[in-house]
Amino acid sequence: MIIVPSIDKNTKRRLTVILAATCAVLQLAIAPNLPLFGGRANFMLILAALLAQLFGGRYGTVSGFLCGLFFDFCSTSPLGLMAFFLTVCSYVLGMEVRNKLADDTSISLTQFSVAAFAVSNAYALALVLLGGAGFFEALFARALPTAAITIACYLPFVMILSRNRQGFTLSSRRGSPSRPGRLR
Amino acid sequence: MATGRVTGSGLSGTTPSTGGRALIILVAVSLSLFTASVRSGDTGVLGALRGGFSAIAMPFRVAGSVLTAPIYGLGNIFANLTADQATLSELRAENEALRQRNIELEEKALLADRLAELMEIQSTYNLQSIAAKVISGSTDSWTSTITIDKGSSAGLSVGMPVVDASGVIGQIISVSPTTSVVRLAYDENSSIPAMIQSNRAQGILSGSASGGLSLDLVRSDLTVNVDDVVVTSGLGGVYPKGLPIGRVTSVERSAGALYLEVAVEAFSRVQALEEVIVITSLTDEQHASAEDIEEADAQEMSAVDNVPEVQTLAQPSDGDGG
Chain A
1 MIIVPSIDKN TKRRLTVILA ATCAVLQLAI APNLPLFGGR ANFMLILAAL
51 LAQLFGGRYG TVSGFLCGLF FDFCSTSPLG LMAFFLTVCS YVLGMEVRNK
101 LADDTSISLT QFSVAAFAVS NAYALALVLL GGAGFFEALF ARALPTAAIT
151 IACYLPFVMI LSRNRQGFTL SSRRGSPSRP GRLR
Chain B
1 MATGRVTGSG LSGTTPSTGG RALIILVAVS LSLFTASVRS GDTGVLGALR
51 GGFSAIAMPF RVAGSVLTAP IYGLGNIFAN LTADQATLSE LRAENEALRQ
101 RNIELEEKAL LADRLAELME IQSTYNLQSI AAKVISGSTD SWTSTITIDK
151 GSSAGLSVGM PVVDASGVIG QIISVSPTTS VVRLAYDENS SIPAMIQSNR
201 AQGILSGSAS GGLSLDLVRS DLTVNVDDVV VTSGLGGVYP KGLPIGRVTS
251 VERSAGALYL EVAVEAFSRV QALEEVIVIT SLTDEQHASA EDIEEADAQE
301 MSAVDNVPEV QTLAQPSDGD GG
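Protein sequences appear in the order of chains A and B.
Mapping to our numbering: the first sequence position 128 is 128, numbers consecutive.
Mapping to our numbering: the second sequence position 96 is 96, numbers consecutive.
Any given hint could turn out to be false.
[Unchecked claim] If you only want the chain A side, here are some residues facing chain B, beta carbon under 8 angstroms, derived: (1) Phe73; (2) Thr76; (3) Leu79; (4) Leu81; (5) Phe117; (6) Asn121; (7) Ala122; (8) Phe157.
To be clear, the hints were calculated from the coordinates, so they are not data collected in a lab.
Quick reminder that beta carbons are idealized off the backbone N, C-alpha and C, glycines included.
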């Protein structure tokens, strides 16, 4: 069964604004100043994934594009590159059950981890093809630390959102839920 | 998971939308933007947009820099507290106030020292320059850049070299009215015309993703030693001639290779950068002279002419460093 969250417009808008503001400030203010092992957290990837996992569909896809565009404007790399990857990533993450954060946090985390590694490596590969670093340097010195730090930064968000799932009114529309006992 | 089953966005719950159409449109927009950005670089409408974004983002970057500064200092404070507890546990309360005051004064003294050093390099090399403060590091993991608090309104423009008290640190790659982004020397896309100070061997200083610097295109028949100082050559007309960059840490000669593999350690500690100088214009004597250009050409031509000779000589002495 597919579980569709019937989140009202205001809740959805409020949640989006809060998440977007938080991630934008973190991306601009914190990420540049706290590099770890050569990598910096990609809070726009986190935001895109959260919105895709919460709402999916067209909303998630468009959010992914905007998040990617924001990242591109923050960086000095060509515009549109991260927008492309986050659009595709958001579409894929949003294809499945909506509100996965409330449904099963571990699955959300696993899917985000795969997405983070995929996006980071694909972005690194694209920069290599554009004439940047060597392949192995880009992969091991940049992409892997970035993915690891981004996943670590994703954890607090997903924990907070999954704990506060009572705030969203979820309803079973059709099919059979994967974990009906955990949904309201 | 219900793979393959897709439903509405959840807004109304009435019209299912997979986002497939949005995906196609946005992918097309992304790729168009990407193509336009690669072709036009940081000029034109996209460059202006990026500049505007950078200006809007400046307060957040400054706030982030201020907010994260204590985190850097926290490690030092913990270390100091550990040491003090062993010897001065009874005076901790008094020391607290004194320590705060001391840190404050030290910060001011360090700032004065750094500014004095900047003034020194400015006067030593007769640089036409503007001082700027570093407000942010690189926003992403893929480039090695810093953002400074001066932009086009202060007369800065793309291409201007940036130095600190130790020497060259990079070059401005984009400007907004209030900020500029500086590509650091060890960014993998950075190339600086440089030479060995002692024997004037010309090369190109390149960065790498691992954070190292290498002096490329130095002919293998030239002598380069560890600890030789690397300075800017002035070729290309961007960097003033003779600015210090770093020192040679290793030299490798491959049999039959035309060029040496020279690793360089930068004098500047870019992780601890706070104030920098942007060189706004070069005087005539800071440009590479006609003799320098001829010498560089001669070195390059000599390398090309010696290709068969080098290969022939390399075969019998394979593995010889010479």
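Quick one: which hint numbers does this structure break? Sort them smallest to largest. 5, 6, 7 and 8
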